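J.: Okay, here's what each chain looks like letter by letter:
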Amino acid sequence: AQTVTQSQPEMSVQEAETVTLSCTYDTSESDYYLFWYKQPPSRQMILVIRQEAYKQQNATENRFSVNFQKAAKSFSLKISDSQLGDAAMYFCAYRSASVRFGAGTRLTVKP
Amino acid sequence: DTGVSQDPRHKITKRGQNVTFRCDPISEHNRLYWYRQTLGQGPEFLTYFQNEAQLEKSRLLSDRFSAERPKGSFSTLEIQRTEQGDSAMYLCASSLGGGLGQFFGPGTRLTVL
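Protein sequences, first through last, are from chains A and B. For the first sequence, my numbering begins at 1 and goes up steadily by one. For the second sequence, my numbering begins at 1001 and goes up steadily by one.
Only chain A is shown next, with the shape it has when bound in the complex (with noise of 0.2 angstroms):
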């Protein structure tokens, strides 16, 4: 069975700085989808950047990139220059044939 693990319950980092949110997960599949999803407090789960397992270039979107080691079975999610506005709960998910989310990474941003 597929799991996801984020093994980082809570992060913080400066405004203005950089962090790195890290991921894990199983699968002895070769085709799958990876995602990371952002939940601020109290508001809407959205996502924010998606990875085809396929493809070796890392995603990046905006101030958001991920380094994804197929092999090491590692998706990371780097946040550069954060913002206040970055604080919330951040979830790796996994997608193939089922769909499965980790337990989450708190993060929060210093001012």
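Simulated from the structure, these hints should not be mistaken for lab results. Accuracy of the hints is not assured; some may be wrong.
[Claimed, not checked] Computed list of chain A residues with no C-beta within reach of chain B, every gap over 12 angstroms: (1) D26; (2) A53; (3) N58; (4) N67; (5) F68; (6) D81; (7) P111.
[Said to hold, decoys possible] Below are the DSSO-like pairs computed for lysine-lysine, each with C-alpha atoms no more than 30 angstroms apart in a straight line: (8) A/K70 with B/K1057; (9) B/K1057 with A/K73; (10) A/K70 with A/K55; (11) A/K78 with A/K55.
Computed from a predicted structure; not experimentally measured. Each residue gets a CB set at the ideal place from its N, CA and C atoms; glycine is no exception.
We have chain A; now place chain B onto it with these hints.
T.: Relative to the frame of chain A, chain B by itself:
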């Protein structure tokens, strides 16, 4: 289109009662997902539809849970004979294809007394 909507936003019920939640996805999205989320945890997959067909149902889902998506549009999730352990946020999401990101609704918070 304003996104995925869910109704009601909050539901308080007594143990043993039945409850039904509704989700309206983004209109052109053919896939619809239901999740359960408890405090401090990630969403737990319950089931998903492609159009009107229910393609996967979590083995964690007891027989008290049932979901429908008639005509491939809105969906309902019913919980029969609610238990206190059913208290959670129930999230609905939709997507246009499996490889694309999901758009989440605001959720329905269920409290079972």
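J.: If a hint holds in the structure, say so; if it does not, say that too.
T.: Hints, one by one, checked against the model:
1. Distance check for A/D26 against chain B: the nearest CB is about 15 angstroms away, which clears 12 angstroms, and the non-interface claim stands.
2. The non-interface label for A/A53 is inconsistent with chain B: the shortest C-beta to C-beta separation is roughly 10 angstroms, within 12 angstroms.
3. Listed as outside the interface, A/N58 is consistent with that label: its C-beta sits roughly 16 angstroms from the nearest C-beta of chain B, beyond the 12 angstroms cut-off.
4. Every CB of chain B lies more than 12 angstroms from the CB of A/N67, the least distance being 19 angstroms, so the non-interface label holds.
5. Every beta carbon of chain B lies more than 12 angstroms from that of A/F68, the smallest distance being close to 15 angstroms; the non-interface claim holds.
6. The beta carbon of A/D81 sits about 23 angstroms from the closest Cβ of chain B, which is more than 12 angstroms, so the claim that it is off the interface holds.
7. With a cut of 12 angstroms on Cβ distances, A/P111 stays outside the contact zone with chain B, its closest approach being about 25 angstroms.
8. With a C-alpha separation of about 28 angstroms, the suggested pairing of A/K70 with B/K1057 holds against the 30 angstroms cut-off.
9. For a cut-off of 30 angstroms, the pair hint linking B/K1057 to A/K73 stands: about 26 angstroms separates their Cα positions.
10. Simply put, A/K70 and A/K55 have alpha-carbon atoms about 10 angstroms apart, close enough for the 30 angstroms limit, and the pair holds.
11. Taking the CA atoms of A/K78 and A/K55, the gap is about 18 angstroms. The hint holds against a cut of 30 angstroms.
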